[in-house]
Each structure stands twice: as structure tokens, then as C-alpha cells.
Amino acid sequence: MRLRIHHATTYEYASPVDTATQVVRLTPRNDFGQVMLNWEVRASATLGDPSDAGRPRVPIRAQLVATEDGYGNRVHLLSVASPHRSTRLVAGGVVETSHALAEANGGTTDLPLSYWLRETPHARAASTIQQFIDSSGFRPEEESDWTPSEHVLERMMHDVRARIDFTVGATHVLTTADEAMARGAGVCQDHAHALIAVARALGIPARYVSGYMWPGHDHVVNASHAWVDLHVPGRGWMAFDPANDCRPGDAYVRVAIGLDYFDASPTRGVRQGTAIGERMDVQVEIYPVDPGPLPQGAGISGQV
Amino acid sequence: MTGYDEMRGDGPVVRDLYAGVGAWLDAMPPALLSRRRAEAEFIFRRTGITFAVYEEGGDPDRLIPFDIIPRLIDAREWDFLHRGLAQRVRALNAFLADAYGSRDFLRAGRIPEHLVTRNPEFVPYMNGFAVPGGCYTHVAGIDVVRTARDEFHVLEDNCRVPSGVAYMLEDREVMMRLFPELFGAYRVRPVSHYPEELLRTLQSVAPRNCDGDPVVVLLSPGQFNSAYYEHSFLADEMGIELVEGADLLVRDGLVCMRTTRGLRRVDVVYRRIDDAYLDPLAFRPDSALGVPGLMAAYRAGNVTIANAPGAGIADDKAVYCHVPEMIRFFLGEEPTLQNVPTWQCSLEDERAYVLEHLADLVVKSVHGSGGYGMLVGPHATRAEREEFAARIRATPGRYIAQPTLALSTCPTFVGDTVVPRHVDLRPYVLCGRSSDPASIDVRMVAGGLTRVALPAGSLVVNSSQGGGTKDTWVVDGPAGEEG
Chain A
1 MRLRIHHATT YEYASPVDTA TQVVRLTPRN DFGQVMLNWE VRASATLGDP SDAGRPRVPI
61 RAQLVATEDG YGNRVHLLSV ASPHRSTRLV AGGVVETSHA LAEANGGTTD LPLSYWLRET
121 PHARAASTIQ QFIDSSGFRP EEESDWTPSE HVLERMMHDV RARIDFTVGA THVLTTADEA
181 MARGAGVCQD HAHALIAVAR ALGIPARYVS GYMWPGHDHV VNASHAWVDL HVPGRGWMAF
241 DPANDCRPGD AYVRVAIGLD YFDASPTRGV RQGTAIGERM DVQVEIYPVD PGPLPQGAGI
301 SGQV
Chain B
1 MTGYDEMRGD GPVVRDLYAG VGAWLDAMPP ALLSRRRAEA EFIFRRTGIT FAVYEEGGDP
61 DRLIPFDIIP RLIDAREWDF LHRGLAQRVR ALNAFLADAY GSRDFLRAGR IPEHLVTRNP
121 EFVPYMNGFA VPGGCYTHVA GIDVVRTARD EFHVLEDNCR VPSGVAYMLE DREVMMRLFP
181 ELFGAYRVRP VSHYPEELLR TLQSVAPRNC DGDPVVVLLS PGQFNSAYYE HSFLADEMGI
241 ELVEGADLLV RDGLVCMRTT RGLRRVDVVY RRIDDAYLDP LAFRPDSALG VPGLMAAYRA
301 GNVTIANAPG AGIADDKAVY CHVPEMIRFF LGEEPTLQNV PTWQCSLEDE RAYVLEHLAD
361 LVVKSVHGSG GYGMLVGPHA TRAEREEFAA RIRATPGRYI AQPTLALSTC PTFVGDTVVP
421 RHVDLRPYVL CGRSSDPASI DVRMVAGGLT RVALPAGSLV VNSSQGGGTK DTWVVDGPAG
481 EEG
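Protein sequence lines correspond, in order, to chains A and B.
According to my numbering, the first sequence is numbered sequentially starting from 1.
According to my numbering, the second sequence is numbered sequentially starting from 1.
One should not assume that every hint holds.
To be verified - Partner residues are not named here, just some residues of chain B that face chain A (Cβ under 7 Å, in silico):
1. PRO124
2. LEU281
3. ARG299
4. ALA300
Keep in mind the hints are simulated off the structure, nothing from the lab.
Ideal placement from N, C-alpha and C gives every residue a C-beta, glycine not left out.
Here chain B stands alone, though its shape is the one from the complex (with noise of 0.2 Å):
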């Protein structure tokens, strides 16, 4: 499939934008990419950065294929992409507070009711609990998709604890070290603050009894997670503990952290672990994990949990559908950022059309993620598109259907040739408090992680699937020039 590509637009012509990577390109030989790929592959395989996938006979410290060639984004891009990821973030955080709140959205019949009610990640604990500062996704993930010029898409919203920024940041510091001279050519905004700016999110929604200097902690499961390597590399960088859930426990109604010097309070849990794992006397009780006693004193106002528990009702892909509408309900505003059209299988007429088309057709699992039980359907074959569809039959709740969308492709060096593939973006949000208590403050670091599917033709950029990641570059023009 052949759509708009990042370096070529619609034509045989590189844009300017793409001009200093066109001829740096054009000035490499093969054999001098592979080489620096290699290089690369030994920085990253020497930092320890790696990545687990869930499947037997996996490598579980597979490195996430890094490719060398940066992606860019121009600045009038970026504005339209940080407006439109700034208005949707906000807009789902509204949403959230709603939802365990007032439900003014639910009763204006601008959702199915049961979407947010017998969604599986709603946690009954948060109702009527007003979280520090209004903020239940302290970092959002948003995966953008581009399929023409001037059209982004979101593909799916990440609420819970999303995770790839330590490859935004590691593919940063592997381009600079290994292409100073590219580099050089183009005024690159950095990424490298994000960890400050996280931290400065995670103290900026402290308890309000918190005194002094806020203690913030990244509560990881452990060696064993796919993501430790970010877990603990994210927590090197914004210089605080790296617990697991027997180093905290609660005293007195507050978080506590063993010491070598006693216990110490802690106010912030920035958690890499899925709700069900947070607190086993407020979740289900067949988990010994996680920290007893967490929740109530959450409730009880003496600590933060970021994100919040229970704002995974927001990323799930059939509330996705109504995200457009909550920009409007909530903010009074037109989405600037659209969603993929998308045909939800618990209706019956959208089931129809989708049975009917499936081989067109993107299949998706409402509570899926990470690219796991999808169906593509062009790149299908009959027993597996017959297989969906019975799956779609017994349980047309559970599935939704988009169109195969053109993703943009961007030059990989795959192999050794440079060719087209597909990528999406994954730009990383925070939200802290805001001094204006009605709102909340909304920031993030120019860009993102660009997935691509290395595959030809593959359209899934998932880590777990095979996808490799590049180095994104928000650029302000070329080195030297003004304004």
C-alpha cells in the first residue's frame, strides 16, 4: 500500500524539510550504515536496554530493533499535533472526573452507560473521589498516525501506564553520539528534560499535607516486567527510589518507605504496575502483590497515585469512539486531532458491514493492546479471517473494526538497502496541577517515539509484534537560520 511518505510527500521529490537527511543519505554508503547500525545495536546492547515479549520462546532480552535514520517533524506539524494531543488529554481527563464523579456525560446520553459502568477497568474505589489536582493520567500515551499531508489520526489513547519513553530518550542520545554531523545540520528541539519534566509533574500533584520537598517513588514489579529496563532507567534519571511493592507499606494512613535510615513518608507513587496489583485489600483477593492498604490511604489524602487507579475506562477502543465527543462536551470544542473511523461490532448494523468487508478491514479487541489478537484483514489469510469472524459472533462486544488506514512510511535502512515503512508516533503527555484549580496544566517534550514496522508492507508497529523504533526530530529549520 503506497500513501503519503514522511520524506517524500505524495511525489518522487524529497521536501525541504527532508533535504539535509536526503543527502546525507545520498552520501552514505551501505556499508558505512551498517556499520553505524551496528554500532548502535552495541550502545544499546551495552546500556542494557531491552525489551521482553510475552511469548513462549521469546528472547527476553530481545533489543528492540533501533533504526538509524531519524524521523522528522516540522514545526507547523508539531503545533497542530501538540494543540490537538493537548485538547484530547484534557478532554479525557474531564471525562475521567466525570466519570467517577458527577457523570454529567453519562446522563446526557453522550455514552453508553455500560461502557463506563461495566467496564472492566473501572474501580469502584475511585467513585466520588476528587484525585490532587483533577489529574488521573499524569503521562498519557497518544499513537498518532499519519495518512496524508495534512491528516493525523489517533489510533488509540494509552491511559494507564504507558510505556517506550526510555527509547525516545536512549534513540536521542544514540543519533547525537553516532551522527554529530547530521545532528548539527538541523536546530532539533531536545527531549532529553523529560525525566525534569516528569518529576515536576509527579511533586506538582503531591497531597495537599504533604511538607516540604514532595517524596516521589516509580513502583515497578520487578526484574521481571518487559519494561523494567525504563523503569529503572527513568527513575536513574529523575534521581528517586525504584521500589517494589514490599519496600512500601502503610502506616498510620501514610505511605512509607523502608530505609536503610528507618522508614520515610512518601508522597508520590509514580506506578508501573496495572491496578489490579496496587493494593490486594481493595482489589480482588487472590493477589499478594502490591502494597496493603495503598488505596485507602490514597482516599484518605496522605499519598498520589499516578496514574490514577481506574482511568483505563478512558483508553479502552470501543470508548474511544466517543472521545470526539467528549472534546466537545467537556471543552466546547471541535477535536482538532480526529479519530479513526471506526465500526463498533456490539451494533448490529456496523457488525453487518463489518462480517461483510472484513477483508479490508483493521479487527481490533476492545481491551486488547500492544497488538495481540488482531486482525489485519488484507494481509489475512480465509481460515483466519473465518476464525475473526465467528470470534465476532460469539462475543460482538468485544471487537471493533477500522479501516486499514495508509500509514505514512519513512526511510529505514532495512537490510542493506534504505526503503519505505510504516510508522506511527507515540508523543507522551504529562499533567500536573494547574495554579488555575478549575483547569489542568498539560505539557510534554516536542515529539515522541516513532514506531515502524519493519515488515514490507506491515502496518503493525507494536514493540511486541517486531516493530523497531527511530529517532523523532521536532525541527525548527535548518542549523543557522532564524526565526
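Next comes chain A alone, as it looks inside the complex (with noise of 0.2 Å):
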């Protein structure tokens, strides 16, 4: 499928900021079978109250480097080193998907299997977690040298899923695997790192994944998604969305994997100076673009 991605971040500051540094991981993958035809990722940011529309905006320079991290995602860091009001951020262009659900595994520098089974602060199987994989039943008792089947690593998605409500607000994005399940609440970044923990410690590699999905509607949009990708022996990394309860395919974009959110977050920075009432809005449009039909209308902003 052929999809294309508008995907603004606006930054508002209700007094100037004197500095700010992001990394921004806003750039899709070239893997499972998913190729980008064109991107851009372009910055600007402002001086001036953004509130008030008779005033004049001063641009201010806002400087995007590209470079890429340890997992192949590729990785832009922004400057703003002058005072602003607010800050732009816009990704977008359009990717052929593919319904591969596997990867065959390329590059020597592909961090190995055992990478992928570390625990993390925020993906961790605390007590609720270990007591939700010794109730599962999900590895029989008597087989130590046990693999799951595609089967059972969907029932684990599903009861993942049953555990916790999608809920937004219920949680934010320091909430760990642990706490959203035993909170019953959250959003799809805390599905993916619940689903990644219990999978870890049961021996599964997992890896977090950032990106978009299209959900099958003609105008469309909600924030940037998250799912995760486990590895099957012998047939290597498959995806999983946990927060849809459903398997990834061709209407799903790929940006960047890691071990939790902070690795492959969308943006993450620091701003010197006062930041006082923040608001960060993030709008995400996506549709098919070939063979689908256009969209009409605009997309709807969401905030996360």
C-alpha cells in the first residue's frame, strides 16, 4: 500500500525559551519490506506571542542535522539557540508498505537476539506482570527448552490487551509496564511495554516500535502509534500491535525501534529557560494515496 504522512509538532510557549535541543526520530524505516519514496522532515520556530494573530511572527533559526542511532533509525537533531515563542516541526511524504511480518535478517550490525531480552526501567516484568505470566499459562511447565508458536505469542497480545483499557490520560509517558497494568489503563505505549516485558521474561527478544497506522478510514488521524515487534526462531521478527489487538500489515509505517519508548520516541529534548505553559500539539494525517482513493477534508488533530 501506498500511504502518505503528515505528521506536524507544534511547540507554544507562553513566555520565550532561550534554547532548545530535540532529537527527533521522524524519519521512516527501509525494512520489513517497507520502502520510502519520498520524506522531509523541516523545522521552524518563532518569536512573537503565538496567540496574538496581529503581531508580526519573527522566524528565529531552527537548524535540523541528520544523523542515525545504534538501531539504523535515522535520527535528526534540532537547534533552536535563540530565544523563541514556538517551534515547528513537520515529517512527511510517502511510503510503499508491504505485508511482510518478517524481516530477513540483514545487516552484520543488527544488534543480536540477546540484546532485545534486556530489561528496562519502564518496560519491566515487576510483580503485576509476574503474576500475569504465572497465571497465563503461557509457557507449559514441563518443555525448559520451549518456543512459542505465532499462536500463543497472539493469545499473550490479546490477554495483554484484556488487562488494559485503552484510556487516554489514564497514564503519561513515564508510566511503567508495570504500573498501567495494574492502573488497567493506558495507551498504546504502555500495551507495547507491557507486552514487551512479559515477553522478555519469558526468554521472547522484543523491540519497541514508533510509527503510524492507517486505520482504514478515508480522512484520518490520531496521534503517532506504537507496537512491537517478537522474534519467532525460525521465522524470525514479527510485529504485534497490542493496543488494536491485531496483527501489523501493509497499513502500518514503521519509524523507529528500540528497547522502550525513550529509545525510539518521535522527540525528545531540552529547552534552557523558563517554560512556562507549554502546549505541544501533534496532528497526524495519513492515507493511501495509490490505488486508494484521496481523502477528502483535513485531518483531526489530536494532542498526546
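Assemble the dimeric complex from its two separately framed chains, guided by the hints.
The structure is reproduced here in C-alpha cells:
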């Protein structure tokens, strides 16, 4: 499927901040059969009160430098070196997606599977997750050399989803997998962390994936999405979307992978100077351009 | 425990090497030695050379005890050490390049994969990145102990931010001032050019896109760090800026330093802070310290960080066991310097042996340093041993054990008598860019820092555990003699 994506992130501050530095992961990966046809990331910043339409906004230099991280994610480093009241990041382009769920293991720098068993503070099987695993029966007791079937992994995803309602606002970026499961509520990031924690505790290599999903309507959107890759011996990496309790296909665009949200988050930054009254607005538009019909109307804005 | 003595070898007779020191000691009444020691301490206090110890109630401005009797190494011994150290450090750098690159060593099964991939010091940001000049450990501190005339062992590799080199330099200064006649009796190889060598090493790894003379800075956590004195000392000696995180910023992908005349690009960051505090955008989000964007600027090829982030995977005590194999695998050579035999508690057989022989062994934490959290079996009480046994059983992967080595002794002035005390040696090995892209340039000043365990019989030389230092003389023979 050919998907066009437009992702705009705007930060506005009630008073100017001195400088800002951000690490940005907003460029799709070329893997899982996914190919980037064209893509662009742009940044701008302004001084002047964003809410005061009558006064001109002074453009401020916002510089992007492209590099990559150790996972092969494309990274941009954004720096705004002088005082500003707003920053806008726009990423967009066209991506050809694929149904391929398994990735041929490629480059020699792909991290070994054992790396993807590392616990992180946010995706860790603490007591609630551990109890969930103990009562789940995913792993047959008698088999020490256990290899989970795809079916078992799908049930695992389903059970994680059943334990965590999709609720916006119940959690925040620092919520751990265990807290989300204990609370029984969360968003895609929490579902992903929980499934990762369960999988790694059972010896299944797991990766956090951030990206986009086209939910199949004419015009759409929400914020960016997150799901999980699990590794199945003999099959390779396979994608699982615990928030939607389904297997990702060609409606998904992979942007960044990592051990958890903090490795793969679309934006991560720091500011100097008091950032009071910060407002962050994220708009994602995604729609198929070929062979599907072009959408009518604009995207719906979502705040995260 | 008696073993090899640096001054007397295995017997009662003073080695030729130490004849001058022996005569000097014989001619020195204890009262004069005491006076000289007090003078040395006065000089150190005035210089402000102190070492804070991370321990409650510890004196934050404690002086590391300095012993006024030098430790001597002859040219033949140093040649051997030099060869072994250079070989080892080449292998460690090759291992790091491999661990963050093609991982042939892992694939060949020469090291258990998890020791790399699940090592807490593994920095994924480094994966697939070719560091400038192929150098990871621009400064490595390799701790060497001697157990017999021709037996030297590497006790530990320090590949992150080894400290102590300021003591090597200051000890020499003080010895030359207090004992010019003894110093003049030997042809001692100099150490004072270490800062120049270090600066040259750091400049050599400047990014390819650096224009003009590379700008090097020393990044320190600040005055509350135990090694702050050394940071300011080295920056001073090298004539470079001493900075903290807040003095640096990343703009347009370049690392810049705030100066009174505006921003100035920085090419090489000699950092004396841990990986976790380098960049809040690349490491865990709970630290506000560091330079946001530093790692991205590094990967973009706009700055060099020394030592390289993630170099710590080469120096923990479980990986240590595999260094001889690294030397064979990457260099095709047999190790010149031997490891200390090491039992890994993660392996069932070896753990059983360790638990049975705790009273004879030294047990160390795999990721520990500074002599913290270790058990010296022969010096421990039964209760201490039992407590350690429980810890080993609970988390065996965290511990290794080694035989209690008879470290060599060196005459040391303790109280008002000269007595033998155990010593080790930490040479500082520098790695810079070589004109041969397949290689690295390895250099070191002769000697290093000799650490001495001051309590009688003690084998723990770490300054955090009450160890002292000695000036270390690599000598080419008595003064006036050629060749």
C-alpha cells in the first residue's frame, strides 16, 4: 500500500525559552519490506506571541542535522539557539508499505537477539506483570526449551490488551509497564511496554516500534502509534499491535525501533530558560494515495 | 604473606637496581625520613591535591598518603611490560570495535554473547558506528601486579575514565624536589611529558571535518567529584579549557563551548564523567546533566568523545577472563602479560569450587571498582565469608573469584620504620589515530602510578581503601653509565 503521511508537532510557550535541543525520530525505516518513496523533515521557530494574531511572528533559525542511532533509526538533531516562543516540526512524505511481517535478518550490525531481552525501567516485569505471567500458562511447565508458536504470541497480545483498557489520560510517558497493568488502563505505549515486559521475561526477544497506522477510513488520524516486534525462532521478527489486538500489515509505517519508548520516541528534547505554559500539539494525517482514493478534508488534530 | 620483594628479590640481598636506594636508606636516620615525609605532605596540601572518598563521614579533602621511597623498575622489566600493555590495549580496542561492529568475536563463540549484549555498560547508540581513528580507550589504566621475578599479571583493565595520573606526575615533582641527590644517582625516564602526550593523542582523533588546530576540552562533573583536582590539573597542564556540561551546547550539529567571546567549536571532548551523564537525550531520561545532543553530534562525525562511550564493556571482571582470547583472535599473538586465574561464579563448577575455597580466595563484584564490595578470604571473618557465600548463591553472575596473590612488596616508610608493603602498578596507555588506518597508535610514558597497601599484610591498594602512592622510576641504570 502507498501511504502519504503528514506529521506536524507544534510547541508553544507562554514566555520565550532561550534555547532548545531535540532529538527527533520522524523518518521511516527501510525495513520489513517498507520503502520510503520520498520524505522530508522540516523545522521552524518563531518569536512573538503565537496567540496574538495581530503581531508579526519573527522567524528564528531552527537547524536540523541528520544522523542515525545504533538501531538504524534515522535521527535528526534540532537546535534552536536563540529565544523563541514556538517551534514547529513537520515530517511527511510517501511510503510504500508491505504485508511482510517477518524481516530477513540483514546487516551485520543488527544487534544480536539477546540484546532484545534487556529489561528497562519502563518495560520490566515487576510484580504485577510477573503475576500475570504466572497465571497465564503461556509457557508449558514441563518444557524447558520452549519455543512459543505464533498462536501463543497472539494470545499473549490478546491477554495483555484485555488487562489494559485503552484510556487516554490514565497514564503519562513515564508510566511503567507494571503500573499500567496494575491500573488496568493506558495507551498504545503502555500496551507495548507491557507486552515487551511479558515477552522478555519469557525469553522472547522484543522490540518497541513507533510509527504510524492508517486505520482504514477516508480521512484520518490520531497521534503516532506504537507496537511491538517479537522474535519467533525459525520465523524471524514478527509485528504485534497490542493496543488494537491485531497483527500489523500494510496499513502500518515503521519509523523507529528500540528497547522501549525512550529509545524510539518521535521527539525527545530539552529547553533552557523557563518553559511556562508549554503547549504541545500533534497532528498526524495519513491516507493511501495509490491505488486508493485521495481523501477529502483535513486531519483531526490529536493532543498527546 | 611473603613473596617477591622489589628491593631484595627472593632473598636477603639488595638487587643491584636498588643498591642506590639501599645506600640512601641506610644513610637516612628515621627522624630525617619523617621530616621529609612531613615536607612532602606539606607540598601536597599546598598544591591542593586531594582525593574525596565516597563514604559517609570521610574527609572530603583527604590526602592520599604518599610514600617517599620510590619503586624502581629496570629497563628490561619495563620493555616487557610495555610490550604486554600495548598488546593488551590493542586487543581491547579491537574487541570494542568488533562488539559495536561486525561481532565476529561473538559469532566465533569466543565470549558468551550476553556478556556483551546484556552488559549494563553496553551503549546501543555506539552500534554500527566507526569511531574516529578506531580508538575507544584513548586512556586506559591497566592494573598490573608482580608475583615473582619474571611474573607480572594484569589484575584489572580500566577502559572508562581511569584516574590517578595526576599523582604519578605530582609524586615525581615532589621526589625531585625533596631528594635530588637520590634522583640524580639514577638515570630515570621522565614522566612530565604525559600531558603533552595526552593532548597529542586527543588531537589526533579530532573529527575529519575539523578545520585548523583541534580544540580539546576536559569535561568534568565539577568540584564535588573525587578526582576534580586531577581534572583541573590536567586541563591546566595541557592548556585546554576545563568545562562542565552547562558550558557546552550543541548548535547546528556542532558542539560549542560558551566563552566570553561567544561560542567556540569543540572538536574533542576528553570527558571525565560517566556515560550516563553525557547526554540526557541519548541515555536514561532521569538525568538533567550532560550536553543535550552530544551523542547525535558524535555520530554525525562532528565531535570526538574520549574515551568512547560504551568502552566499559571491555573492562568488567567477567569480560576480563576473555582478554587473552581477544589477543589471540584479533592479533594472532600469544598474550605477553598473563591474567590472574579467575573463577566465574556464573559457571556451576567454578562456583562450587569458589564456595568451597572462600577462605583462600579473593571474591570481586563483576561491575565493581575501587576495591568496594570485595572479599579477601584469608583476611575475612567466618561471618563475612558466610555473608558473601549467600550473595554469591543469590546472584552468581555478579561475582568472580581469584587466588589470593602474593603481590610483590616494596620498602615503605610506615610510622617510623621502613617495612615491606604490597604494591601494584597502574600504567596509563594512550591510544591515538595511526597513519595506518587499520591500526591505532599506542604510546605510554615509562612507569605509571604505584599504589601501596599501607596496613601490614593488606593486599588492597585502592586509594578509596586507604592505599597510598609511590613515585615509580623506570631506570636505565646508574647515572653516568651509558647504554
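Here's how the hints hold up against the structure:
1. PRO124: 4 Å, holds
2. LEU281: 4 Å, holds
3. ARG299: Holds - the Cβ of ARG299 (chain B) comes within 7 Å of chain A, reaching about 5 Å at its closest.
4. ALA300: Result: holds, 4 Å to nearest chain A Cβ.
In this structure, none of the earlier numbered hints is contradicted; all agree with it.
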